[in-house]
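Chains as they are written, first to last, in the working numbering: chain V, 783 to 1047; chain P, 460 to 673.
Just so you know, the hints here were simulated from the structure itself, not pulled from any lab data.
Because the structure is a prediction, the values reported are computed rather than measured.
Note that the Cβ used here is the ideal one computed from N, Cα and C, for glycine as well.
Mixed in with the good hints, there may be bad ones.
What the hints assert, rightly or not - Selected chain P positions facing chain V (in silico; Cβ < 10 Å): (1) L511; (2) S539; (3) M547; (4) P549; (5) A565.
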Amino acid sequence: MGESAIALGYFDLVLATALVLLAGVASLVLRLNLEGQLAVGASRTVIQLLLVGVLLKWVFDLAHPLPVIAVMLVMIAVAAVASVRRSSRSFAGAYLGAFLTLLLAGILTTFAVTGFIIRVDPWYRPQYVIPLFGMILGNALTGISLCLDSFLETLSERRDRIETELALGATRWEAARDPLSDAVRRGMIPIINAMMVVGIVSLPGMMTGQILQGADPLEAVKYQIVVMFMVAAGTAAGCILMAMWIYRRLFNDRHQLCTEGIRRH
Amino acid sequence: MGWLLLRALDVGIAGRRLLRGVDLSLRTGERVAVVGASGCGKTTLLRTVAGLIDPLAGECRLGDASPVEVGWPEWRRRVSFAAQRPVMLPGSVRDNLERPFHYGSARRRFPEPRALDWAGALDLDQAIWHQDAQTLSEGQMQRVALLRSLCVGPEVLLLDEPTSALDPGAGRAVEELVTREAVAALIVTHDVAQVSRWCHRQLDLADFMEPVDG
Chain V
783 MGESAIALGY FDLVLATALV LLAGVASLVL RLNLEGQLAV GASRTVIQLL
833 LVGVLLKWVF DLAHPLPVIA VMLVMIAVAA VASVRRSSRS FAGAYLGAFL
883 TLLLAGILTT FAVTGFIIRV DPWYRPQYVI PLFGMILGNA LTGISLCLDS
933 FLETLSERRD RIETELALGA TRWEAARDPL SDAVRRGMIP IINAMMVVGI
983 VSLPGMMTGQ ILQGADPLEA VKYQIVVMFM VAAGTAAGCI LMAMWIYRRL
1033 FNDRHQLCTE GIRRH
Chain P
460 MGWLLLRALD VGIAGRRLLR GVDLSLRTGE RVAVVGASGC GKTTLLRTVA
510 GLIDPLAGEC RLGDASPVEV GWPEWRRRVS FAAQRPVMLP GSVRDNLERP
560 FHYGSARRRF PEPRALDWAG ALDLDQAIWH QDAQTLSEGQ MQRVALLRSL
610 CVGPEVLLLD EPTSALDPGA GRAVEELVTR EAVAALIVTH DVAQVSRWCH
660 RQLDLADFME PVDG
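All chains should be modelled from the sequences, with the hints used to inform the complete structure.
In structure tokens:
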């Protein structure tokens, strides 16, 4: 670490608010009708982040695995609901599938990184586990949502084609393989695009944060590479698990496609 | 072999019963017309026999074997369903014909010489074999779908209005080919003349019972 970061006071936050106010004034002058949403968004940013700050401080001070696990479970539940709601279609079992998928993909990826790469001690050290887990969830959520949307859309819109394959003697796996692959691919596109342009178009938030905290940029880069790979692995695991969950729920063991349960939001 | 048996079959969609207690036995080479008013469950009956949806009660057997004993993909190769609105898979006509032979349930290779012979009988020029299947006319699609089903080597054909998009001449060609190949067939049709000309008997779904000789 180099020099430490410049600490911010609450007055500095008030000054930052002026920036949003400027955007609000621009909205009023140009009649963009965005000032209400800007006010709500800005208020939610302050309230949500302050609450999270207080909660994290409490969890960090406790230094016990149970609060860490509890926070992780709440994060998974919120991410699971958000991922299904973002998709234009859903089916019975989608929320449970998203929850289990995020649980498995998030926990395996996070603890693989904290246990074998960063070697965090103790294993639950919240300063590492919670932010890394959050990054994985945030990206896996987007991936799962796109994967769910794509797979359900194909099963609904191209039902005739899939049933034609089944009628010609395809197994459920042979009939589902193409739409399943397309859905996983669709879910992975954002993280692959992010890896393509990272450092060129923008500096990732975590790396920026470390540099602002006075870290050596090369050290920050090493962390960022680990984070990008971790997020890619978590998103891939999430998309594959979610696609397999959908496949198992919508193709029965009689090799039939059961789309009756698919509904639009 | 070649005996399709429907025993006390109840048929419906999403739990709604359309037909009750359908009994039928179909021998090799026998063609039975499935008739009834629109919406009475003709297509649903064929889809049920193909195993694409579950019966609400009763069973289908091929000889002594149930679909569970045969295995569902194998059942669908032996009891082949061709939908009224034919669906072409991505790729050329040839890709469509060969597609079933890429599945794990395929027991033999694509029978190209026979396929060519059948295509000729259906007046399908070989020039269209490399054409994108999505660009065919509906009548061509209907004949390619029948050809695709025949290539699989079924013991029973489930044909849902197989000549609805064809002119009389092409319709006759379909009838003659299925007759010549002596494949058992359950045929949904609204064409009374076709029933008497092509089918041995009919299953009138208005009765939900064993068909009367036609």
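Original post:
Can you list which hints this structure breaks, lowest number first?
Top reply: none
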